[in-house]
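Each chain, written out:
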Amino acid sequence: MFKTRIIKALLAALWFMVLTFPIVGIQVNTTARNINWRWDRIASMGIGIFVLALLWNWCFERKALGLPIIKKLPDSFHYSFNELQNRPLFKKGLPIAILAAMLLMPLVSSIYQTNIMISAMVYVILALGLNIIVGLAGQLVLGYAAFYAVGAYTYGLLYHYFGLTFWACLPLGGLAAVIAGFLLGLPVLGLRGDYLAIVTLGFGEIVRLLLLSQGDITGGPRGISNIPRPSFFGMKMTLDQVTNYTYYLVLAGVLITILVISRLKNSRIGLALQALREDEIACEAMGINTTRIKLTAFMLCSCWAGFAGVIFAAKTTYLNPASFTFMDSAMILSMVVLGGMGSISGVVLAAMLLILAPEYLRAFSEYRMLLFGAVMVLMMIFRPQGIIAGAHRDYHISENIREKASPEDEEGNADSAERASA
Amino acid sequence: MNPVLEVKKLSRYFGGLKAVSEVDLSIAPNEIVALIGPNGAGKTTFFNCITGIYEPSEGEVLLHANGTTTSLNGKKPHAITALGLARTFQNIRLFQEMTVLENVMVGFHCRTSAGIMGALLHTPAALREEQETIDQAYGLLRSVNLHNSYAAKARNLPYGAQRRLEIARALATSPAVLLLDEPAAGMNPFETRELETLVQRIREAHKLCVLLIEHDMNIVMSMSDRIYVMEYGSCIAEGTPMEIRHNPKVIKAYLGEESHA
Amino acid sequence: MEQLLYFFELFFGGLTRGSIYALIALGYTLVYGIIELINFAHGEIYMLGAFTAMVVAGVLGVYGLPSAAILIIAALCAVVWVGAYGFTIEKIAYKPLRGAPRLSPLISAIGMSIFLQNYVILAQTSDFVSFPQLLPELPFLEKIGSIMGESDFIILVTSTATMIALTLFIRYSKTGKAMRATAQNRTMALLLGIDANKIISMTFIIGSALAAIGGVLIAAHMGQINFAIGFLAGMKAFTAAVLGGIGSVPGAMVGGLVLGLCESFTTGYFSGDYEDVLSFGILVLILVLRPDGILGKAKVQKV
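Chains as they are written, first to last, in my numbering: chain A, 1 to 422; chain B, 1 to 261; chain C, 1 to 303.
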């Protein structure tokens, strides 16, 4: 058993060394006509793949046995953790502690740090917005950056041509994105899942290409610069103050988003969206107008992207089409995938992780997109529910309903076996 | 008595193939009607035409419910459900990752009205409606004896219980006609008997009529008021269980083999 | 006369582009036909083909082989290696997801696509690299040189030959027949003793090899490549596949040519600015209006 595993891993290592040899092992300078043979890289590739192959096989063996990939913690620990989780102090205390830390952070951190945190939180808003349509409704949308761009450019252009302020543009940006979402959503939301993904991707690219080519209006690849930061009743603020102000603004945005999404998730509409994700035909058979509900979700999600776009424009003060590529859409999607479709805390955590980790681990930043890609593949294979699976709500059933013994029960039907097992 | 559901000369073609051809069918209030026939006779296609998944090629489907008559031709499945026609599926289609209670709550969607704003602002009306939905869903679960596992995920229920949950979910849409597609498939004899009493109880409690497709002859013969027999897309016989049992055409086409088996 | 010449120039330019799109589109269509997956990483396969050929050609160029020999060896290496990439990618990213919800393999494919782009950035470079000038001079083209260059001619001949070979392979070889059977009905093919896993692997290898040929041809034609060329080419080829009806082999060929001609004529007679917008526009419109394509048949959904 052990021996076959080693042999398998060795073969995999050999296979990958040969496979990656031309791209990894050779670098040619065609003009200077010299070849750089990089045997060291091939060797480390072999060692790396050997280890990974062992891990890979081990993971599959565990998956086949139905075991979790990461060993469960010992029962005693698990028990005490559950205990802790259920304590009111922990349940209420943890969010309050996190919130307090978030509130205090800009007071102690540098502008640079605060700015990083602001961009991470903008991504949290974006990822939670995308989570409505991808996570809750199960509709894969690949052109999310387009709606983000619509919001951002709404602010950029309205400021540039009409001098409108951030606060005037925030609702307008959301509105513009909703209109874009409606116009795209109406014809395409009837499409099958994978076609919908591609159509939205096509739409996203069209928006970006139009922003590029309509240089007279949008500034083309140069974009729009000198967009003002958010204002506070026309007060003059130093850079330090305005950064902190933006920080609190975005933090409030995150909190509102979390509130909205969690309420939506548990509502009548949210349940219908989840049903849609689970089984579209059965959902339709429950009397739910799937096209309309999809459109609702799509518009809400694009609205959120629009808000985030306006905030992004105000934060960076500079816009160009390069910020709204397919890679940006894919990055936000990978946050939703990593976090767990439909899981709010998971998506928040994943967005923070994916933005902050490359900022603080410099060595890691070069490999950032490589890892995003790998994460998407691995999550789908080993943990499709994400790092934190969506929690189920506890429903409260009215006492009188719960207590009431139904007449059917008294008839003494033959369900006792079932009841015993339940 | 006037029928609740009336199907007139319904046909459905796929290319040159006549999957269903000129089938007439009607169901009176409070009646349990069975649709039987060998595999591939077109029973499920017939169901799909009535419920709007396929558009009928010819013929008409009329629903007489709530004092009005509506043609179901060309209506979308969700609109048909809202008019009072609910169904279950041959291969169970529950919302697997959702809880048992949530599955039934989804069924109430077309009978409730809370919108996005109500949900986001937690308006009193929306909250009240939600609590009513929860309670009614729990009540339905009790009537199919699943109330004790209301918080379980649907996928974790045993097979027979999943079938009953599908029925409860269909009942949540408050139908006038309930269509059951092979409800006893894969059940053991004990569960089948349970199902029989359940369907009869539902008919009484909810004042509805039932159309079912079923292969299990025992359950069909003992519970249905009338039976339609389909073969090669056409309806070859119609009558009470006793009449069907003695219909030479049916014996030849279908029951003949069964009774020897 | 001038106008007619210009028309033919655009026409052959469109055919050249179109045949490349068709080569890549075949990979999408073959895979979709068998496992109903949009192999999002297919554009990256094409890009890997161009890079492998560039590296091999570079090495051989330093040792001073004749350019025609270099081109053939580089193309063969690209086909072999990229076929192996296709095989490996399927084993890692798609095989474990058989039977998973429909969107899981698509997300996995998107992940794979991002991974491969960055793999090339890290292993080679994120800049454009020049592809050696390897195409032989063809004196007999001099007379019509204004409407068709050497590279156009070679691309047209090679891709036509490849597509004929593929058609014959699918129609007459044992593997080809098994592929068609699997595409029509996987369960039935399984019952008849066809090893579905083997067929799926074969499909990925063949599709990748076709994309590699496309990659080498376009790299030789354009003269420079970078890690991102796969995305746009992949999207356009996918458009071509959908245009012809995804899953249909002749459809992919026709779709590729139609798209190539459309692009060439709009660029030539209107403006080059909207070339990419046009193909994405076609993609969106065709999916919305006629998702089964020009040659595809509408499918009945089973309940």
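Hints in this document: simulated from the structure, not taken from any laboratory.
It is possible that some hints are incorrect.
As the list claims (entries may be wrong) - Derived CB-CB ranges, DEER-like:
1. T69/B with T291/A: 25 to 35 Å
2. S119/A with D127/C: 20 to 30 Å
3. K198/C with D216/A: 33 to 43 Å
4. E132/B with L259/A: 46 to 56 Å
What the hints assert, rightly or not - The calculated SDA-like cross-link candidates involving lysine to any residue, where the alpha carbons are at most 25 Å apart (straight line), are:
5. K95/C with A9/A
6. K8/A with K91/A
7. K91/C with K91/A
8. K153/B with T123/B
9. K8/B with G67/B
10. K91/C with K92/A
11. K91/A with K75/B
12. K95/C with K92/A
13. K91/C with R186/C
14. K8/B with I92/B
15. K174/C with L67/A
16. K153/B with D279/A
17. K75/B with G59/B
18. K198/C with R186/C
19. K92/A with G59/B
20. K198/C with K91/A
21. K63/A with L192/C
22. K95/C with A97/A
23. K63/A with S267/A
24. K95/C with K91/A
25. K8/A with N197/C
26. K63/A with E97/B
27. K91/C with L54/A
28. K153/B with L67/A
29. K177/C with L192/C
As the list claims (entries may be wrong) - Under 7 Å between C-beta atoms, here's a sample of chain A residues computed to sit facing chain C:
30. I26
31. V28
32. V108
33. D194
34. I206
Each residue gets a CB set at the ideal place from its N, CA and C atoms; glycine is no exception.
Against the structure, the hints come out as follows:
Range check, T69/B to T291/A: about 27 Å between beta-carbon atoms, so the 25 to 35 Å window is met. Between S119/A and D127/C the beta carbons are some 27 Å apart, a value that agrees with the proposed interval 20 to 30 Å. The hint said 33 to 43 Å for the Cβ distance between K198/C and D216/A, and at roughly 57 Å that hint is violated. Between E132/B and L259/A the beta carbon distance is about 24 Å. The supplied range of 46 to 56 Å is therefore violated.
Distance check on the hinted pair: K95/C and A9/A sit about 18 Å apart at the alpha-carbon level, within 25 Å; holds. Our distance criterion of 25 Å between C-alpha atoms is broken by K8/A and K91/A, whose separation comes to about 47 Å. Our distance criterion of 25 Å between C-alpha atoms is broken by K91/C and K91/A, whose separation comes to about 43 Å. Straight-line distance between C-alpha atoms of K153/B and T123/B comes to about 29 Å, which puts the hinted pair past the 25 Å bound.
Taken as a hint, the K8/B and G67/B pair is honoured in the structure, with Cα atoms around 20 Å apart against an allowance of 25 Å. Using a Cα cut-off of 25 Å, the hinted pair K91/C and K92/A is violated, with the two alpha carbons roughly 46 Å apart. For the proposed pair K91/A and K75/B, the alpha carbon gap of about 49 Å is over 25 Å, so the pair is violated. Restraint check for K95/C and K92/A: not satisfied, since their Cα atoms lie roughly 44 Å apart, outside the 25 Å limit.
Of the supplied pair hints, the one linking K91/C and R186/C holds, its CA atoms being roughly 18 Å apart against a limit of 25 Å. In summary, the hint linking K8/B to I92/B is not supported, as the alpha carbons are separated by about 29 Å, beyond the 25 Å threshold. This hinted pair does not check out: K174/C and L67/A have alpha carbons roughly 41 Å apart, beyond 25 Å. With a C-alpha separation of about 15 Å, the suggested pairing of K153/B with D279/A holds against the 25 Å cut-off.
For the hint pairing K75/B with G59/B, the CA-to-CA distance comes to about 14 Å; that is within 25 Å, so the pair holds. The straight-line distance between the Cα atoms of K198/C and R186/C is roughly 12 Å, inside the 25 Å bound, and the hint therefore holds. Distance hint between K92/A and G59/B is unfulfilled; the C-alpha atoms sit about 62 Å from each other, more than 25 Å. Of the supplied pair hints, the one linking K198/C and K91/A is violated, its CA atoms being roughly 52 Å apart against a limit of 25 Å.
Straight-line distance between C-alpha atoms of K63/A and L192/C comes to about 30 Å, which puts the hinted pair past the 25 Å bound. Distance hint between K95/C and A97/A is unfulfilled; the C-alpha atoms sit about 44 Å from each other, more than 25 Å. Among the hinted pairs, K63/A with S267/A is inconsistent with the structure: their alpha-carbon atoms are about 34 Å apart, more than 25 Å. Taking the CA atoms of K95/C and K91/A, the gap is near 41 Å; set against the 25 Å cutoff, the hint is violated.
A C-alpha spacing of about 19 Å is found between K8/A and N197/C, which places the hinted pair at or below 25 Å, so the restraint holds. This hinted pair checks out: K63/A and E97/B have alpha carbons roughly 19 Å apart, not beyond 25 Å. This hinted pair checks out: K91/C and L54/A have alpha carbons roughly 16 Å apart, not beyond 25 Å. Under the criterion of a C-alpha separation no larger than 25 Å, the hint pairing K153/B with L67/A is consistent with the structure, at around 19 Å.
For a cut-off of 25 Å, the pair hint linking K177/C to L192/C stands: about 12 Å separates their Cα positions. For I26/A, the suggested interface contact is upheld, since its CB lies about 5 Å from the closest CB of chain C, less than 7 Å. Taking 7 Å as the C-beta contact cut-off toward chain C, the hint placing V28/A at the interface holds, the least distance being around 3 Å. For V108/A, the suggested interface contact is broken, since its CB lies about 35 Å from the closest CB of chain C, more than 7 Å.
About 5 Å separates the beta-carbon of D194/A from the nearest beta-carbon of chain C, less than 7 Å, and the hint is met. Taking 7 Å as the C-beta cut-off, the interface hint given for I206/A holds, the closest approach to chain C being about 5 Å.
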